[in-house]
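A.B. asks: Residues per chain, in single letters:
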Amino acid sequence: MSFFSSGRKASKIDSLRSKVDLLRLPLALSSKSISNRKSQLGVVWEKGGCGGGSGAGGVQKPRPPPACDMDNDSIYSGYSFKSSHSRSSRKHRERRDRHRTKNRDGSIRGDKSVTIQAPGEPLLDAESTRGDDRDDNWGETTTVVTGTSVDSISNEDLTRITKDLEDSSPLECRRYLGLVLGAVLGLFALVTPLAFLALPQLLWRDTLDPCGTPCEGLYISLAFKLLILLISTWALFLRPPRATLPRFFIFRCLLLALVFLFVASYWLFYGVRVLEPRETDYRGIVGYAASLVDALLFIQYLALVLLEVRHLQPAFCLKVVRTTDGASHFYNVGHLSIQRAAVWVLEQYYSDFPVYNPALLNLPKSILTKKMSAFKVYNLGEENSTNNSTGQSRAMIAATARRRDNSHNEYYYEEAEMERRVRKRKARLLVSVEEAFTHIKRQQEEEAAASSPKHPREVMDPREAAQAIFAPMARAMQKYLRATRQQSYHSMESIINHLQFCITHNMTPKAFLERYLSPGPTLQYLDNGRGRQWTLVSEEPVTASLREGQVFTLKRLDFSLVVTVTPLPFLRLGEEFIDPKSHKFVMKLQSETSV
Amino acid sequence: MAFIPGQPVTAVVQRIEIQKLRQGDNLILGFSIGGGIDQDPGQNPYSEDKTDKGIYVTRITPGGPADAAGLMMGDKIMQVNGWDMTMVTHDQARRTLTKKKEDVVRLLVTRKSLEEAVKQSMSYPRQ
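As given, the protein sequences belong to chains A and B, one line each in that order.
Mapping to this note's numbering: the first sequence position 540 is 540, numbers consecutive.
Mapping to this note's numbering: the second sequence position 65 is 65, numbers consecutive.
The hints are simulated quantities; they were obtained by calculation from the structure and are not laboratory data.
Any given hint could turn out to be false.
Said to hold, decoys possible - Anything over 10 Å on all C-beta distances counts as not near chain B; from chain A, calculated:
#1 A183
#2 A315
#3 A327
#4 A427
#5 R482
#6 R547
#7 E576
Claimed, not checked - Some chain B residues near chain A, calculated using beta-carbon distances under 10 Å:
#8 Q43
#9 A68
#10 G70
Unchecked claim - Under the rule of at most 20 Å between Cα atoms (straight-line distance), these lysine to aspartate or glutamate pairs were calculated in the DMTMM-like manner:
#11 B:K50 to B:D103
#12 A:K584 to B:D40
#13 A:K441 to A:E458
#14 B:K99 to A:E592
#15 B:K50 to A:E458
#16 A:K441 to A:E464
#17 A:K584 to B:D38
Don't be surprised by glycine CBs; every beta carbon is placed ideally from N, CA and C.
Same shape as in the complex, but just chain B (with noise of 0.2 Å):
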């Protein structure tokens, strides 16, 4: 997941579709986010790269709308609904996440072990 100026950012990523639920008047989504391009980098504990400004998955909360939807903690977010989230600043990707006209967030998140696995299956040779 290292960032390269001026190359495009590859990385292996999976879907995520989470359906907002409805508590009182706010749509929750059942996760905390941190990270931006406006925040220290050097203080994420989930990402391989300190330098890395990215949106992570800090917490989720258990037997919420994301947990159901199989986001884990430590995942970077690259993409909510279209609109990239690698470089933002915290509160833009707050704003993203918490549209109150969607209703459905689909993400595409990455993590490591989604590396590591496309790296051993590609290792395999194919019968």
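Excised from the complex, chain A in its bound form (with noise of 0.2 Å):
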């Protein structure tokens, strides 16, 4: 493999080539090992290198050399997923990328083995798949924002973990940052008027004016008010996030900013003008310590129209898109940031959508093959090769086009006969399941007592009656799992356990097919160990309110989500009195009649 041999930020380069040599290493890393991945770091690091002339290119494929006039002012440029703008995005993303060190909603869980995506494929082979619309500058490319992920690692961070890995502190930190510096201000917000009340009692007490029943009224409303502000507290802010944000969450950094400045000058008053003089009069200071009080749940207030009532009124209709199949689904939003309203989508999504089948995509090879026998160089589906000779490919496609389509005939008649062969599969596993439902029932308390003595039944649990008759189904269930392309959503662990649940509810044989019927939304077939790893890609910062025509894009490997932004419409609602009165009516017939 040949490499630029120009010297030019050689240590820049090499950091970004090993980057993408590390991300091709299977990823099934668990944070417990990162002292293994470190050496594993040193090993590949010495494999990489544009300017080192080093040909050691057994990890990597034949590509085309990558372009060493990469994104060289940021280190953090992002990684790329398709190439489709390159250039054009660069000053964003070299703005963006600054901001980007600076994020507090570290995006590391670090208890749960870190993976980058869903099951266990490595990143670089989705990328791969791609084939040949690369261009040989893939190494700046499009601009990826990180995932909102809940138990990954995003690809800035990993590279961010390479670059610091030797002094950095360890994953934990970095996650729980923005966590414990909210709730270490909120418990410093919290103890700061007790602090006020108990400082002059415990310093300068003899010489404290008496204060008598005022200070106690005063004393039960603190009491009371502070009690408030721990539950709205705990009911508001103590809830497990959903997900974590590429950016600041603007709201949030700057309710805590205000609580901290606003903490922070009642203590600076209270410092020069309280602790200093000694001051006498207790009552003026428990009178501080109440406003304190009021202060802060006003705060509170102000924290909960930002942060919960502002978005609830709706303005703007997001029409989502899933760029495979089609699907597709509006909703109602309000005033909401992208990456809020990235999050929000990404919540229904999981519950609305119908699961994604990679396996109900692609027109059947039959028709394809049929239509391109004749030439062969042609390769119809998602992708056309482009051909060495553009003369030969131009004629072909102008004999193409002569040549009578008949594909769409095919086509129809090749679906009439698959959904007669879903419909007659599915009639068999109607029958038999029904059958197999009536082989068992369930057992009464008081037949258990009259039949035991004459014939003794077999007394079965749910799981044993659901394997009794699994049985005479698990044929007709296979192959009507076979003709809808469901089979890899279902094993039979799974039929069995659902079977069982259904027993145990009383469910009658239909009820318990509603599942296997019709593609459930994604929810069903997740499971909750690992967090979904989704990139947001979009055209202006994501902190930025949405906008009418604003367009951005939500991606997994496979598929993508394109959000599309249109604002409701003002309404002018006009009003008409109609008086109950004056509903009057009146024949308009007019027959002839010949006699």
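Join the two chains, each given in its own frame, into one complex according to the hints.
C.D. replies: Structure representation (structure tokens):
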């Protein structure tokens, strides 16, 4: 493999190359094995090197040499999924990358195994199947803002890890940083009024003015307000987060800053005016503490409005379309930033969209190959491979166009045939399941006492009952799943589990089959072990709020969701009063009869 | 032919006697009627006053009994055999005209030209 032997900025390019190679490793990483990974990295590091001239390209696939005039200014340039818009987004990317290094909301959770994507395929396989639509400058490509992952490392964080591996804090710290900061600040703010009250008592108790009933009244109100603050903080803020966002959550940061400023200024005033001159008016101090608690309550009200209430009134309609099969939904949202809207859309996606089944996408091969049997070079389907000689291809195109196109005919018949087959298998499945369910019945309590002396019937628990009646319907079920191409989603174990569940809850055969007859939402097939890695691709900064005409994409490895924003129309509601007595009717006939 | 509620209706009428013609099982008269209190008076092309809900002759079969008797298109039928036709429904009018037991219908009809003829004759000085 021949690399460019340019010596410019070899170290940075080294880091980029090594970043790429790192991701090519099998990605079942666990946070415990950071040291293992370090050693692995060390090995890989030596292999890479654009300017090093070391041709040890054993790990790398033969691909066109990456341009070494890659994104030189920003170290943490986005990893590329697809090489669509390259240079135009470079400016945006650089600006964004600098911000990204200060990202407090770290998106790493270290307690579970760290993976980048769903079932264990190495990241680069997805890219390598793209084939020829990659240009030579694959290094500087689409901006990829980090994923909104719950459990996984995003790409940028991975690069940051490789850069700072020697001197960085362990992974847990990074993830908890935001959380800890907020918790510390909140605790500090809650303890402050109590400190205001306690300090004078502790330090100069003798010289304080005695303060009777008014103080006690203030104590009570202070206590209750603190209690309310505590409860509402627990209710609002101490909820497990559902997602990690790529950028600052602006409102949250604003509120934290506000609280900090607030409490700091109160402490300043307290320190200067009360502690120093040893103020003796205790009632004033208690009033001061009470005013702090009032202000904290108001800040919490502000937090409630900003974080929870403002986006409740719908203002925009988002159209979400899945790129692979066109499943689409419309949702109404309020004023949100792009990243929050993305999280919201993803939550709805998991329960509204039918699960993505890659087997259902392509036209059956029989149709496509029949059309192109005469022309070997062409390859129908998703991509057209470019030919070496354009003249030849043009001739082929012309010939193809002239030839009578019967593939729609065949497609129609094939579709009809497949539908007929599916319906037949579905009928068989229904019949066999109905029959199987008649083999067992729930044993009533009275029967147990009555029938035991005569002929002891075998009493089974749900699991055994499920296994007993699974056998007669297994074949029909298998054939039906194959016909609808769902067999990868349902294993035998899962079917028996579901059967056991249905038997326990007295469901009819039709209720049992409901799960298999229609593709359910993705949530049904999710195992909750891992978080989901999604990538938000947007032309505008993701903390900008939604506007008319914006488009952003949420990508996974094999499909993506395109979201378009349209504002809801402004409604002019008029009024019209109708007197109930004004409903009158006349006949409108004019018939003519001959006599 | 305006109708003033509460006042008796006055009109110049012509007596027409029609003999019903037997055709198979039916007795036909040879004309068509329109109008009635359950109909829309605004669509009547023959009436002067568009609120008039009387029974009008809309068509005459040429060569039929009505034509022979001198009934003309646009005539308003006031009475049929003594039965009033100014305040009846369309169906009642039809039934009155097509009674199977009667062979003859004696109509009182009125038309605009009658009124004018009378006026003209009254304006001529008597000689």
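A.B. asks: Taking the hints in turn, state whether each one holds.
C.D. replies: Right, here's what the structure says about each hint:
1. A183: holds, 82 Å
2. A315: holds, 52 Å
3. A327: holds, 55 Å
4. A427: holds, 58 Å
5. R482: holds, 68 Å
6. R547: holds, 57 Å
7. E576: holds, 27 Å
8. Q43: The hint holds - Q43 of chain B has a Cβ within 10 Å of chain A, the shortest such distance being about 4 Å.
9. A68: For A68 of chain B, the interface hint is violated, since the closest Cβ of chain A sits about 15 Å away, which is over 10 Å.
10. G70: It is violated, given that the least Cβ distance between G70 of chain B and chain A is near 17 Å, above 10 Å.
11. B:K50 to B:D103: With Cα atoms ~33 Å apart, K50 of chain B and D103 of chain B exceed 20 Å; violated.
12. A:K584 to B:D40: Cα-Cα ~15 Å, so holds.
13. A:K441 to A:E458: holds, 12 Å
14. B:K99 to A:E592: Roughly 18 Å between the alpha carbons, so the hint for K99 of chain B and E592 of chain A holds.
15. B:K50 to A:E458: Measuring from Cα to Cα gives roughly 92 Å; hence the hint is violated.
16. A:K441 to A:E464: With a Cα-Cα distance of about 13 Å, the restraint between K441 of chain A and E464 of chain A holds, given a limit of 20 Å.
17. A:K584 to B:D38: Status holds; Cα separation ~15 Å.
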